[in-house]
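So the chains spell out like this:
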Amino acid sequence: MASILELLKEGKKRDVWMKYCGFIDLSIDEFIKVQERLLTEQLGLLSNSGMAKIMFNQPIPDNLNDFRKYIPLTTYENYVSFLGQKNEDVLPAKPQYWICTSGKLGNYERKWAPYSRGMVQIHAKNFFSAIIFSLCSKKYDFTLKENYKFLYAMAPPPYMTGMVPYGLMDKFPFEYLPPLPVAEKMTFEERNTEGFRLGLVRGIDLFFGVSSVLVKIGEKFSRQEFGDSDFRRSNFLAKLRLAWGLAKAGIRGRKLLPKDVWSLKGIICAGTDTAFYKDRIEYYWGKKPIEIYGGTEIGIAATQTWDHEGLILFPDANFWEFIPEEEYCKSVADPGYIPSTVLTHEIEPGKRYELVITNFRGGAFIRYRLGDFIRVLSLRNHNLNINLPQIVYEDRARDVIDIANFTRITERTVWEALERANITHGRWVARKGFAKDHPIMELYIEIDSGSEFQSIEEKIHLALRSVDSDYHDLEDIIGFRPLKLVPLPEGCFKLVMQKNRGAGNGREMEAITRINPPDRIIAELAQYSLMREGD
Amino acid sequence: MSTDINISISLSMAIPLTAFFFYCVLFLLALKSPRSKVARIFIGYLVVMIIWSFGSFAMRADIFPGTLVWNRIMIFGMMGVPFLFFHFSQEILGRAKLIIWRRIGYVFWGVLFIGNLLGMIVADAYMSQGTFVYILGPLAVPFGIIGGGYTLASAIFLINEAFRNPPSFWSNRLVYPSIGAAVITLGSLLNFIPRIGQYPIDIAANTVNACLLYYAIYRYHFLNITITIRKGLVYSVLTALLTGSYLLIVFVAEHLIREQVGYSTILFALPVAVIIALFFEPAKKYLQLLIDKFFFGQQFGFRETLKEFSHIITAILDLDKLANSTLELLTKALQTSSCYLFLPDRDGNFYIHSAYGAKMEDLSAIRMDKTSPIVCCLSQKSESILTIEEIETRPDFQGLWQSERDELEEMKAELLVGIRMHKELLGILVLSEKTSGDPYSDDDRELLLTLSNEAAVAINNARAYTEARTQAVRDELTKLFNYRFFHEFLDKEIARCKRADLPCSVIFMDLDLFKVYNDLYGHLVGDEALNTIAKAINESTRATDVAARYGGDEFAIILPATNPLEAVSVAERIRNRVQNNFRGAGYDSKLLTVSLGVASYPKHAGNKQQLLYCADQALYQAKRLGRNKVCLYTPAANTKNISNVVTENTLEAETDFLRKQIEDAYLSTVYTLAAVINARDNYTYTHSKMVTAYALALAQALKLSEERKEMVRLASMLHDIGKIGIPEYILNKPGPLTPSEREIVQRHSNIAEAIINQMPYLRRVAPIILHHHESFDGSGYPNGIKGKNIPIESRILTIADVYHALTSDRPYRKAMAMEEAISQLQLLSGKKFDPDLVPVFIRLLKNEMIEFQYFLKTVVR
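Quick mapping for you: the protein sequence lines, in order, are chains V and F. All residue numbers for the first sequence refer to the numbering used here, where the first residue is 1 and numbers rise by one. All residue numbers for the second sequence refer to the numbering used here, where the first residue is 1001 and numbers rise by one.
These are computed hints drawn from the structure, not numbers from a lab. This one's a predicted model, so the numbers in the text were calculated from it and none came from an experiment. Heads up, some of the hints might be wrong.
Stated by the list, open to error - A short, non-exhaustive set of chain V residues, derived as facing chain F with CB atoms under 8 Å:
| id | residue |
| --- | --- |
| 1 | I4 |
| 2 | L5 |
| 3 | E10 |
| 4 | I28 |
| 5 | L462 |
| 6 | R465 |
For glycine and all other residues, C-beta sits at the position ideal for the given N, C-alpha and C.
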């Protein structure tokens, strides 16, 4: 089989498209067929592994119905005994890489996930699909050249994003900015700084990173903070590029923007906030980002297409099951309740679901509750004539606040910060919200009505900086304070609870988590806010 | 002289005109190709070639605005060739680092363009008496060096890539363009020798280059450009050329004769024309042959292949031979490196039946599951051939398993062809890449389709033949292989394993109590059980495993390429399945268990005999450890080996084994006797079972010891065995018996005692059976003993026997209701029956009816 480069040189662009992006032409029945077949392979691999015995102590069924009937839903706790030890002997396939999370979720130092050779190939292929979507404006029409300058501003191995360039290596020759061996030794901030510095000299064709970084750079340009000193420090080629950018901006009669300096061919961003930032990124960089959805346990799971609307799940990434929100709520209220799941062809537009995944190609996770929530926009994309469900990724986990794909604040983080802030407070809840320009954490907290709210907010903010290094980086790198305090009078929660009990929602109210409670509860609490309009 | 000059002029114009024509056609073809950067540069290259060729023609034809102007235009085209060809080669090879040389080349072109306009390359050019004369300028030599250098460098790069090892995607595709580039370089450099340069040698080289490009396009679809050449068109062109040449020669001959001889008549011209025609006919045939060989040589080969294949399929019926011959033929005809034939197994999954050009041993594990997208796709009428590119590219193949992808890679699969008959997919041909590295042409595919259609019929016939032949090696009852085939196959398999250094395992399996089962339920039911076991074996083994009925209730299974531990897991699977199948189908699953012994080559044995011995020993060990077990052969299991190392545990195991053996024999006897009763009289058999149930219930209510209860059970089961010596007409007599008949009947207790006493392990129940017709008051037979002298077990048996007889239909009377029978028991209590036992029995019947019924059911079952 010819490589992508050879195919492109032969003018077989359509073949490249079919291989990487052709899945969008599948019907939902064909999608399910692919899913079921790959699941059958996985069940065969699992039944020969020691893992199944450790976890279930029963034979692995060989068909989908029995699989869903007899294999229980799992969480990381079910895997920690062997994944935590990186015990490869019990796995369904030999891992090529071990990938981990930053370990901020739950009680684990780190969550480890093994990736077999087949998994690496598939997830690299899926990432390549996203690259092609980011480069095209209509079906089959994209331009991809060898040695495209790729600013790859994501975490290095052993994080999932670090694995992808290695999977891409035998697919297409990109020139990474900075080169991978150098980048892997750098911090996040250094990698971005060096990447853009090199980009000034060599140009940037592709970007994969956090959308807030692009916004931050755009803002820096628009505030004219990219000034003389940067210009003087840069080398000749960079100066030339900047001068050319300045000339273009001058002709257009506005301030210098990144799109004057670089003409990015494709932008790929990960994280929930991409949708929030996409218009501003287009303004600063001249191109909207393609949002992809992925994670340690699921690899590259879904991508937007060239209309930048809904995400489409890859049929060969994982076996997808969905817990409807009402089933999820029942399982929260009653931990003994086993929620039912639906498959991709059974999901309904407008509804929210928790994702449950089973890895393919020898992965370890089986009916694994990811904790991620998606919302179904529609069952097909009418504009692009795609007959697969269009989804949006809403939350990484209901009990985690993910801000700009930078930090994941848990209930424990907030408790520690409140403890360290040394303030007197009552009950509290926190949720992710959006300020004018940025995503933030809104903290609804009962405090003494006579307190100085701003000083309390400052104390909590400083405490959060000290307990969560990512929160600290968020402010330093992106440059905004991601906390909004909503002070509530003492007894406010009690009132709301009583009111809800009266309305027959008492049980639900008691089961409400402190992180990301339902909008209805927030709305009721907000009515008691001590903050006046304009504060 | 003037004729020479004219011919020379015509030739020097004809060559550039031909080259111009060739490049124009190439240009039009390239315009149709998919647009890529490489294709665009190639088009540019063709444009400068066209300019060069046409400039040369116009210059030599001295048409307006004159030779010098056309020379300048020609030089412009000539100058562009090295730089565009360099750019083209760099783009194909992806040499981004040489971009600077590419740019420098274009700068040179610009400089030379100006130099050309100023007459610094060719100072002057004109036609003098039909000869092209030119004077080189000061930049001519630098241009020759730079241009030659660029073209030569490109040619070297391309040749280097073309002969790279391992071959790249561009290998082969680049051979002809790079040779063409070398030819152009040579042709252009010859222009520096004015004597040669006056002739269009450079353009002739360009024409050669054009031909080479045509061939690269025709043969390798260079730059994805395709040419379809119709045979008829080629013949038409040939005929036109030959006719023209013929007329020209006749005309020239007639002209020369007229000039030399001085006159001409039609009578003279005619024989000349005929003589020339006689020469032309063979020449035409020869040329046609050359064309056939050049353009259609492959089809010739294909026709031969098809002929040979037709011969094979009519001559061979054996599937193995047919498959091997077909693959050999295909491999040779299409020059593939290897070729595989997949056939479906009994489950519909496809396995490699034959391979050519590859070792079967390395690939025997390769399978195509019936749910594979490849199988599904090739099963459809619309899709007969799949390329590896389609499999890699089409989204509906995303469901392909990683193992399936790896297997395709292992086979270096390029083409997959479905062999279909009606709607059934009979087989799949997998062809790996060609030895030349060329892609498969449309003609190749055409041939494959024709062959696969013919192969479908042949395979279908061969399959039917093989099926018939298979009958001869199958066991008639179970349809498993027979003993002879098992041994033949094992011989071959061990030889194969020796060659390929692979393991091979054998399982010996034996039904634990099949003899008893057979005796108890009869041979028909026994045969059913054997079939159920054969089914369980088939369900638990692969299509490549060979399961045979080794003897009556012995089975043996050969597991190719299977190591000991895998074989044990297969054996365990069979054992479980046998158990589940029997349990599910309502058989007497206690009796129908299997013991299995496993041994492997080469771990346990170095040859067939040793392997069978080891498997047998392992089976023996499984039996010895208590039946319904799987044992892997270990040297310790060999009795010869353990004789010197007797430990307490092994002694215990030995004793246990012996005890089990005795029990087996004992149990076997009881069941056999019961079967004898059953065979003679079904009432007696049912009666014995029911009496056993009642007697056991009573014995349990009386809290007898386990040992005595066992004696009650055995005695009850066998109490009427003596009826074997009573004539059937007396037993089934509808009316009352005569005194002499009664006397005969009463002998059955003594007969029973005599039979039972022959069997040492049953001897202790003989007295119970002997006295079961004694009465409590001493009025019974055969000895007339009374009261507690009658063994308690006999007294129990008497009550049970009479109660069941009263409540059963007999030839001489109808069955009594329970209440009536109880009254009879009460009436005879103290007379015929032990008065202490009757109330207990009645209580059992009345007060504990539910539990009693349940107990009865359990015992009877």
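Taking the hints in turn, this is what the structure says about them:
The beta carbon of I4/V comes no nearer than 11 Å to any beta carbon in chain F, farther than 8 Å, and the hint placing it at the interface is violated. Here the hint on L5/V is kept, as its CB sits about 7 Å from the closest CB of chain F, short of 8 Å. The interface hint given for E10/V is met, as the beta carbon of that residue sits about 5 Å from the closest beta carbon of chain F, less than 8 Å. With its C-beta approaching chain F no nearer than about 13 Å, I28/V sits outside the 8 Å limit, and its interface hint is violated.
Because the closest C-beta pair between L462/V and chain F is about 51 Å apart, greater than 8 Å, the hint is violated. Annotation: R465/V was flagged as interfacial toward chain F, and the flag is violated, the nearest CB pair being 46 Å apart, outside 8 Å.
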